[in-house]
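Chemist: Chain by chain, the residues run as shown.
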Amino acid sequence: DQQVKQNSPSLSVQEGRISILNCDYTNSMFDYFLWYKKYPAEGPTFLISISSIKDKNEDGRFTVFLNKSAKHLSLHIVPSQPGDSAVYFCAASGGSNYQLIWGAGTKLIIKP
Amino acid sequence: EAGVAQSPRYKIIEKRQSVAFWCNPISGHATLYWYQQILGQGPKLLIQFQNNGVVDDSQLPKDRFSAERLKGVDSTLKIQPAKLEDSAVYLCASRPSGRVDTQYFGPGTRLTVL
Chain U
1 DQQVKQNSPS LSVQEGRISI LNCDYTNSMF DYFLWYKKYP AEGPTFLISI
51 SSIKDKNEDG RFTVFLNKSA KHLSLHIVPS QPGDSAVYFC AASGGSNYQL
101 IWGAGTKLII KP
Chain X
1 EAGVAQSPRY KIIEKRQSVA FWCNPISGHA TLYWYQQILG QGPKLLIQFQ
51 NNGVVDDSQL PKDRFSAERL KGVDSTLKIQ PAKLEDSAVY LCASRPSGRV
101 DTQYFGPGTR LTVL
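Which chain is which? The protein sequence lines are U and X, in order. Sequential numbering of the first sequence, starting at 1, is according to our numbering. Sequential numbering of the second sequence, starting at 1, is according to our numbering.
These aren't lab readings, by the way, just hints derived from the structure by calculation. Note that CB positions come from ideal geometry on N, CA and C, so glycine has one too. Do not rely on the hints blindly, as some may be mistaken.
Derived lysine-lysine pairs resembling DSS-like cross-links, with alpha carbons at most 30 Å apart [unchecked claim]:
| hint | chain 1 | residue 1 | chain 2 | residue 2 |
| --- | --- | --- | --- | --- |
| 1 | X | 62 | U | 5 |
| 2 | X | 44 | U | 107 |
| 3 | U | 68 | X | 62 |
Some, not all, of what chain X presents toward chain U, calculated at C-beta under 7 Å [as the list claims (entries may be wrong)]:
| hint | residue |
| --- | --- |
| 4 | 55 |
| 5 | 91 |
| 6 | 101 |
| 7 | 102 |
| 8 | 107 |
Model the full assembly from the supplied sequences, consistent with the hints where possible.
Modeler: Right, dumping it as structure tokens:
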């Protein structure tokens, strides 16, 4: 039972344009959502997060949007840069142990 | 600040052999996690420690996997005996107390079981 789903295994975007990565979840008890970025042969690194009491969080070029009624969140990267090429994981948390449930990841390729 | 350290980075073994992975979390981080990441999937939690106590090991295959965290600092994950399906990247992460969000990951150990 996949509680966090990233339905696009890969996404290719032109440099300078907007990248939009999507994530859906099924568990309404999730109250915190995170995006991690992963380069090959490295561990995931935290990118941006959002609490369920908000619908938007922004950090520089990165913005995460949360639509609780649709159980959907998205990560927008504007403008996209070559260094953004990586695998992006969506993760959700709920409960006292703050454990993360992860999506399968989306590989973002930024074309020059 | 030094990051999460893991060793070895790569390991190749035959099925039915044993293997051990080591993790040194960021200094002062009370919570430590071991994840298994199979190619094309997201990380799956195997075990969570709070200091040197186990918080959750419900997804750890205890017939072959074991983990310990000595003195609430370093941790070791062992597989004995290994199966082909254990081929994966094993990630260690740590989290400071009071932070609900960020987990800091090591580079992982890529295990290949032949």
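Chemist: Now look at each hint and say whether the structure bears it out.
Modeler: Each hint tested on the structure:
Only pairs whose Cα atoms come within 30 Å are accepted, and residue 62 (chain X) paired with residue 5 (chain U) is accepted, the gap being roughly 27 Å. Of the pairs offered as hints, the one joining residue 44 (chain X) and residue 107 (chain U) holds, with about 18 Å between alpha carbons and a cut-off of 30 Å not exceeded. Of the supplied pair hints, the one linking residue 68 (chain U) and residue 62 (chain X) is violated, its CA atoms being roughly 37 Å apart against a limit of 30 Å. Restraint check, residue 55 (chain X) versus chain U: the minimum CB separation of about 6 Å is within 7 Å; hint holds.
For residue 91 (chain X), the interface hint holds, the least distance from its beta-carbon to any beta-carbon of chain U being 6 Å, beneath 7 Å. For residue 101 (chain X), the suggested interface contact is upheld, since its CB lies about 5 Å from the closest CB of chain U, less than 7 Å. Evaluation of the residue 102 (chain X) hint against chain U yields a held restraint, the C-beta minimum of about 5 Å falling below 7 Å. Given the 7 Å rule on beta carbons, the hint for residue 107 (chain X) holds: about 5 Å separates it from the nearest Cβ of chain U.
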